[in-house]
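First to last, the protein sequences are chains P and D. Here the working numbering is used: the first residue of the first sequence is 1, the next is one more, and so on. Here the working numbering is used: the first residue of the second sequence is 1, the next is one more, and so on.
For the record, the hints were derived by calculation from the structure and aren't laboratory data. One thing to keep in mind: the hints can contain errors.
Some chain P residues judged to face chain D by a derived CB distance under 10 angstroms, without partners named [said to hold, decoys possible]: (1) ALA13; (2) VAL15; (3) ALA17; (4) TYR39; (5) LEU43; (6) CYS44; (7) PRO45; (8) LEU52; (9) THR66; (10) LEU92; (11) ARG113.
Each residue gets a CB set at the ideal place from its N, CA and C atoms; glycine is no exception.
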Amino acid sequence: MNDNAINPAGPAARVYAETLAAGRFRIQRCQDCDSAIFYPRELCPACGSGDLHWFAPSGRGTVYATTTVRRKEEAGGDYNVALIDLEEGPRLMSRVDGLSPDAVCIGQPVRARVAVEEDQGVLLFDAVEVDRQPEKDHE
Amino acid sequence: MNNASLSHLRGKTAIAGVATFGCGESPGYSDMDLLANAARRAVTDAGLTMKDIDGVCTASVLATMWPMEVVEHLGINARFIDGTMIGGSSFVAHLMPAMLALESGQCDAVLVCYGSAQRTSTLNRKEVARARRRMDPQPYEHPYQPMLPLSAYALAASRHMHEFGTTREQLAEVAVAARQWARLNPDAFMRDPLTVADVLGARMVSDPLTVRDSCLVTDGGGAYVLVRGERARDLPKPPVYVLGSGTAVWHRQISSMPDLTVTAARQSGEQAYRMAGLGPADMDIAELYDAFTINTVLFLEDLGFCAKGEGGAFVADGNIRPGGSLPVNTNGGGLSWGHPGMYGIFATIEAVRQLRGDGEERQVAGANTAIVHGNGGTLSSQSTAILGTSATV
Ligand SMILES: [Zn+2]
């Protein structure tokens, strides 16, 4: 049993973990005040409502803060820990994958990806190429 | 009736006794042994006996029913008990409930006490961390293996550097200033000279924080005794009055902190200043919980000693060093004096010693007011106290 695995205790945590294990990223939205919510819970922290529905966020996010945790090479080497702001508002902790840890920058656009290993899902983020031709967006 | 400033409590209570015990390394002592020895010395320092104590405030990082253990161990018949556990700020936060209990007549003498043998304890820290992950899981952070609490502060530092251009050199200056104070204090654990280059060249733990940007791991016990002001005047030591107190908690996990560059110290500080009727310009010294170098920068800003984003420059200008415009962490702080797990009580004790004029070589001449700021968790809990000599009441 992985010591660091999400322990799906409670209905909301279980839905989140089971959905993630099936390769899908879902978070909650408050039906009363429209706040998007992370991490999963019973009540909306913005208004106290218990009327929360699951939805699929866009997966788009931005690195809000980042650190490289130093680890001996034989133990797996250095790795990234980042706080990601989702496009829908919530902030969460994750790892930006596929880049060397020291190349992860604040403001970097990222996209969510669910990695499934041993029946457990882990939410990770990949760097998104910055669009070098923004004028195309105006066509 | 709106009395939200709590200004009617200003100066009504005073710290009459303080003590530390076994700070640094105390092999063979348990948390409780260190606490008990500090408690007895603080009570003696107050000119009281254990039989006079009828209120207890305490907290432990390990035991869930710690206040009962303390009451039993010390043989106190407590009419007032507060075991609020909000991490390292707890013993600053205990001031408000203790003041209210004294003012209401619920009790007459409150002992605030703490002990930690974390440095020399035979408890395997890895085992403790594993047990904690089971008993108190953070399932949305732990899978990414942040080195908590350090990585949380590193994330805050990364954001401060990004938004305000704060540099590693400026952060290092916090550690250098703390060391310069520690060199004036024979009780400090680390007293060798320290330069900015030493801090930058130290082992990186979680960027941008090196091991020298981080507090020490030491043993130690600390205690203080709080009584009503009129009683304190008849006790042997010069009373140190509580002029203001405020506590605020905005989150627990760093991923739930609304803005990593603004701490709840802004709220706890405002409350404490309002109660005291004083502001940052009135503070002679500041004891700010420096678990990591970024803490001091954030608290200088959030407590109003400089504008948001200017903490790095404020520190780099030498303001917090001995002889600077604002003496900060005059004992050497958690970075160089010592850090027995939860530092808030030690910051309080150092402020009392300075206000009594007991600071010896590190004494700040004529210090009449002190701001004490405690931090807990991952910038999660913030508690501010403003203390003053009899000249301030
Ligand atoms: Zn809501």
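Here is how each hint holds up against the structure:
1. ALA13: At 7 angstroms from the nearest chain D Cβ, ALA13 (chain P) passes the 10 angstroms test, so the hint holds.
2. VAL15: Violated: closest Cβ of chain D sits about 13 angstroms from VAL15 (chain P), beyond 10 angstroms.
3. ALA17: holds, 8 angstroms
4. TYR39: Where the cut-off is 10 angstroms and the nearest Cβ of chain D is about 4 angstroms from TYR39 (chain P), the hint holds.
5. LEU43: violated, 14 angstroms
6. CYS44: Given a least distance of 14 angstroms, the restraint on CYS44 (chain P) is violated.
7. PRO45: Nearest chain D Cβ about 9 angstroms off; hint holds.
8. LEU52: violated, 16 angstroms
9. THR66: holds, 6 angstroms
10. LEU92: holds, 6 angstroms
11. ARG113: violated, 14 angstroms
The earlier numbered hints that this structure contradicts are 2, 5, 6, 8, 11.
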